[in-house]
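Top to bottom, those sequences are chains A and B.
All letters in the first sequence, in the order written, are residues 1 to 296 by our numbering.
All letters in the second sequence, in the order written, are residues 1 to 486 by our numbering.
Simulated from the structure, these hints should not be mistaken for lab results.
Quantities reported herein were computed from a predicted structural model and do not represent experimental measurements.
Virtual Cβ for every residue (Gly too), placed ideally from N, Cα, C.
Where hints are given, some of them may not hold.
[Claimed, not checked] List of simulated lysine to any residue pairs, SDA-like, C-alpha gap at most 20 Å:
#, chain 1, residue 1, chain 2, residue 2
1, B, K148, A, R219
2, A, K132, B, K148
3, A, K132, B, G280
4, A, K281, A, T167
5, A, K250, A, A193
6, A, K270, A, T225
7, A, K185, A, P82
8, A, K51, B, P335
9, A, K281, A, S199
10, B, K148, A, T167
11, A, K51, B, K148
12, A, K276, A, T200
13, A, K51, B, F333
14, A, K51, B, T245
15, A, K132, A, R117
16, A, K276, B, L312
17, B, K148, A, K270
18, A, K132, B, I287
19, A, K51, A, R117
20, A, K132, A, H49
21, A, K281, A, S269
22, A, K51, B, Y241
23, A, K132, A, M192
24, B, K148, A, G217
25, A, K250, A, D228
26, A, K132, B, S470
27, A, K132, B, T245
28, A, K276, A, M192
29, A, K185, A, T225
30, A, K132, B, F331
31, B, K148, A, T102
[Stated by the list, open to error] Label-pair ranges, simulated between beta-carbon atoms:
#, chain 1, residue 1, chain 2, residue 2, range
32, B, N384, A, L80, 52 to 60 Å
33, A, A156, B, V293, 29 to 37 Å
34, B, Q126, A, A54, 28 to 36 Å
35, A, L278, B, F486, 32 to 40 Å
36, B, F177, A, P288, 54 to 62 Å
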Amino acid sequence: MRTTLQNWTLLFGSAVLLAFPAAASAQLSTYDIETRIGAESHVGNVTGHAKDAALPYRRYCVGCHGPLGDGNGENADWFLTPMYQKPRDFQLGVFKCRSTPTGTLPTDQDLFDAITRGFDRSNMPQWNTLSKQERADLVAWVKHYSPRWANEKPGAPIQIPPEPEVTAERIKAGRDVFARVQCWKCHGVQGMANGPSASTLTDDLGRPIAPFNFTEGSRPKCGDTDQDIYRIFMTGLDGTPMPSFADNIKPDEAWDLVFYLRTFMRQHSKEKDLAKGLGLKPVDPNAPAPAASGQQ
Amino acid sequence: MHVTRRLRMRNFVHFATSLSAVSLILAALVITCSQPANALPAFARKYGLRCSACHESWPMLNYFGQKFKDNGYQLMNDRDAPIWQNPGYWPVTFRITPIWHRVSTGKVLVDTYSSGIATPTGQAVQRVTSSGFDLSGLDFHTGGTLEKNISFYVLPSSDPTASFHFETVMGRLDNLFGSPWLNVKFGKFELDNLLSEKRILTLTGNGGIYQLYHFRPQGDGNIFGQMGDNQLGLEVMGHSYNDRTRYSAALLSSNDGQVELPYGSGYTGFFTASQAFDAGRAGVERIGFYAMVGEAPTTWLTQTGPSGSTILPGSGIGNKSFSREGFVGQFYFGPHVDLTVVTQHGEDNAWFGQGYGDFIDGVATANNTTGTTLPAGAQNPTWNGVLFEPHYVYSPQLIFIGRYETIRMSQQANGSGSATPTASNFGNISTYTIGYRYNPFMTSRAGFAWHNEYNWLHQDGTGPTLGLTSANINTSELLVGFDFDF
């Protein structure tokens, strides 16, 4: 006869299994993985080969991402969420920094850039000291852990229109977008990561995660150019509560929002100066959401 | 530990004149047991990185580790400041190495005895060999950040008898004005040698240092040009974001890193620049140069007391110049093979060449006081040297090491105009080292290497002759040990 505790464990266990099917089914065997050792990557004019990355992976990456690429390296247990995110589980084939629409695979260049750039506020270092070839080989290696690449093509990178001139009107319009799509629910009305949902967020694997705090002065994980920021909220950080807003924000509005986000950031910018001139107030969470400009 | 190394260099210098078997072997043993080292599990623990991420094989850095160091022991992930660490984190690492070694010195002058007579009756030249279990000194590394972009390093280091000195004590302001091109270091620190002697992969007495970094012509009194010794001073350095381009300029006290201004008020400059290139499948190749240009005293005030004349420390004047310059190349040939090359052209002022400069144990054996003149034919000793260090990196856990170094005098201190001109090859050095280091495990907590090494050193003309045709010396050492740090 089962005790209540056992019952609960079972129930909870199956709930976890149901909630995270990807995670539960992701444990691939070394054999599965090795069938894909022929994986390649193409970054600029460099072709990367997974088979050439076995040594560099062991030298640089395995302590965190683990021998099976599942993010269970010996150091992973010590990275405590939400302060530090866990190393990525490559078997899932789900990545944060993409130029491609949400739900699709990133391009080789995306992975290459992520490895080169590293992840601020995490233990994932910048690997820009490695040769381009080594990094391209590592991209191929990262890909060889997930069967997704065998069956799917990466998404097509989203189109980013040329960056318009920053104006006071655009910053004001950006504030309206910020209010309308409710970025503040997680990021807070001043971008301080203290919105009403902030403390309850978990990633797709059920681990606590904090929204980005724009005011701290640190760089977004997926890059800090205006284009990068545009890309972040138009493609989303897959695997996290940070969604893609491609369906809710039009390309031109997206630029307005980028400019408005800049006003939160500690780094000095033209946007900050303009916002000061406007005497711009933080959005009011209780005000009715402004209507979308133009037709949706 | 550079104290013991200096001891050894001194021994070399006074080889020709005062060769004593005991001091020689003692020196060899003492040096063997001292190894300079920076390989910090404290950093690995802080960031969750395996040793191999920063070290080609610990303690030697790879490019990633070099960049980490150049950033002031920071990953630049906005979590470098200690405020982000678990308060229990304490940035301390110790390193020590129990060893077994066998040191064999050719041509040592020893007393001989006749049967039935208890006092020496003659002298002979013979090889002296000793072997046994031994210890290295102990290094206590503490280093890291005090705050974002403010870093430090303090290294109390002992000889094998646990007598401590400060090998490194420095604070550093990193990324001034938000730019990696400007970092300022202050204190006692290792010079910006691309091939670092503090992170050398070898441990024997003669193979555990770079001869190029300590070379002095025979009888030369300039101890101040030793690029391998940590020096007191101020360094400005900068680098590109990916560390491919680096430069540094340091202003140093010409005291060879010794505290309390024992010599005088001379200064030395040390300059480096290097550029790395991405060479595709071969890897990242780096070439650069260094130059050390300085002045150091040759004249001291003296004080005659009951026990004779002693010099007054710190009173040095009569500065004379010296220089060391050369190229450095780090060449990678795919994932397994690499080669480091260092060249050197060195020159000391003729006064140093005649033994002025360092004073031995506070006694001014050569003091350039008023009226002192150089002997006829005295000239600036100059030399050229080169070092090749190939590695075969089988895996992050196993490395094979080789080294060949040679230094040839190009101009002796006593030239042809001298009463006793020096033979052109006198004091030349050639040395080979081979070895391997095997790390049975690789984590981000501790380092442990099974170390095996053999070194052979040859020096021209500095041994006793005593009826022999050649006074060349061959010294060898075999060493095995457990090199570990935590």
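Here's how the hints hold up against the structure:
Of the pairs offered as hints, the one joining K148/B and R219/A holds, with about 15 Å between alpha carbons and a cut-off of 20 Å not exceeded. Distance hint between K132/A and K148/B is unfulfilled; the C-alpha atoms sit about 29 Å from each other, more than 20 Å. Under the criterion of a C-alpha separation no larger than 20 Å, the hint pairing K132/A with G280/B is consistent with the structure, at around 7 Å. Between K281/A and T167/A, the direct Cα distance comes to roughly 17 Å. Compliance with the 20 Å bound is thereby established for this hinted pair.
Restraint check for K250/A and A193/A: the C-alpha separation of about 24 Å exceeds 20 Å, so the hint is violated. At roughly 14 Å between alpha-carbon atoms, K270/A and T225/A fall within 20 Å of each other, so this suggested pair holds. As the CA atoms of K185/A and P82/A are separated by approximately 18 Å, the hinted pair is consistent with the 20 Å bound. At roughly 13 Å between alpha-carbon atoms, K51/A and P335/B fall within 20 Å of each other, so this suggested pair holds.
A distance of roughly 24 Å separates the Cα atoms of K281/A and S199/A; the hinted pair therefore is violated under the 20 Å criterion. Restraint check: the Cα-Cα separation between K148/B and T167/A comes to about 35 Å, which exceeds 20 Å; the hinted pair is violated. Of the supplied pair hints, the one linking K51/A and K148/B is violated, its CA atoms being roughly 38 Å apart against a limit of 20 Å. Taking the CA atoms of K276/A and T200/A, the gap is near 32 Å; set against the 20 Å cutoff, the hint is violated.
Only pairs whose Cα atoms come within 20 Å are accepted, and K51/A paired with F333/B is accepted, the gap being roughly 18 Å. Between K51/A and T245/B the CA atoms are separated by roughly 30 Å; this puts the pair beyond 20 Å, and the hint is violated. Under the criterion of a C-alpha separation no larger than 20 Å, the hint pairing K132/A with R117/A is consistent with the structure, at around 13 Å. Of the pairs offered as hints, the one joining K276/A and L312/B is violated, with about 66 Å between alpha carbons and a cut-off of 20 Å exceeded.
The suggested pairing of K148/B with K270/A is violated, with an alpha-carbon distance near 26 Å, which exceeds 20 Å. Simply put, K132/A and I287/B have alpha-carbon atoms about 19 Å apart, close enough for the 20 Å limit, and the pair holds. A distance of roughly 23 Å separates the Cα atoms of K51/A and R117/A; the hinted pair therefore is violated under the 20 Å criterion. Between K132/A and H49/A the alpha-carbon distance is near 12 Å, which keeps this suggested pair within the 20 Å criterion.
Pair hint K281/A plus S269/A holds up; C-alpha atoms about 18 Å apart against a cutoff of 20 Å. A threshold of 20 Å between alpha carbons decides the hint, and for K51/A with Y241/B the separation of about 29 Å lies outside it, so the pair is violated. Using a Cα cut-off of 20 Å, the hinted pair K132/A and M192/A is violated, with the two alpha carbons roughly 36 Å apart. Between K148/B and G217/A the alpha-carbon distance is near 12 Å, which keeps this suggested pair within the 20 Å criterion.
Restraint check for K250/A and D228/A: the C-alpha separation of about 16 Å stays at or below 20 Å, so the hint holds. For the hint pairing K132/A with S470/B, the CA-to-CA distance comes to about 54 Å; that exceeds 20 Å, so the pair is violated. The straight-line distance between the Cα atoms of K132/A and T245/B is roughly 16 Å, inside the 20 Å bound, and the hint therefore holds. Between K276/A and M192/A the alpha-carbon distance is near 18 Å, which keeps this suggested pair within the 20 Å criterion.
With a CA separation close to 24 Å, the supplied pair K185/A and T225/A exceeds the 20 Å bound. For the hint linking K132/A to F331/B, the alpha-carbon distance of about 16 Å falls within 20 Å, and the restraint holds. Restraint check for K148/B and T102/A: not satisfied, since their Cα atoms lie roughly 35 Å apart, outside the 20 Å limit. About 56 Å separates the C-beta atoms of N384/B and L80/A, a value consistent with the hinted range of 52 to 60 Å.
In this structure the supplied range 29 to 37 Å is violated for A156/A paired with V293/B, their Cβ-Cβ distance being about 59 Å. The given range of 28 to 36 Å is broken by Q126/B and A54/A, whose C-beta atoms sit roughly 53 Å from each other. At roughly 57 Å, the beta carbons of L278/A and F486/B sit outside the given window of 32 to 40 Å. Look at F177/B against P288/A: about 46 Å separates their beta carbons, and that is not inside 54 to 62 Å.
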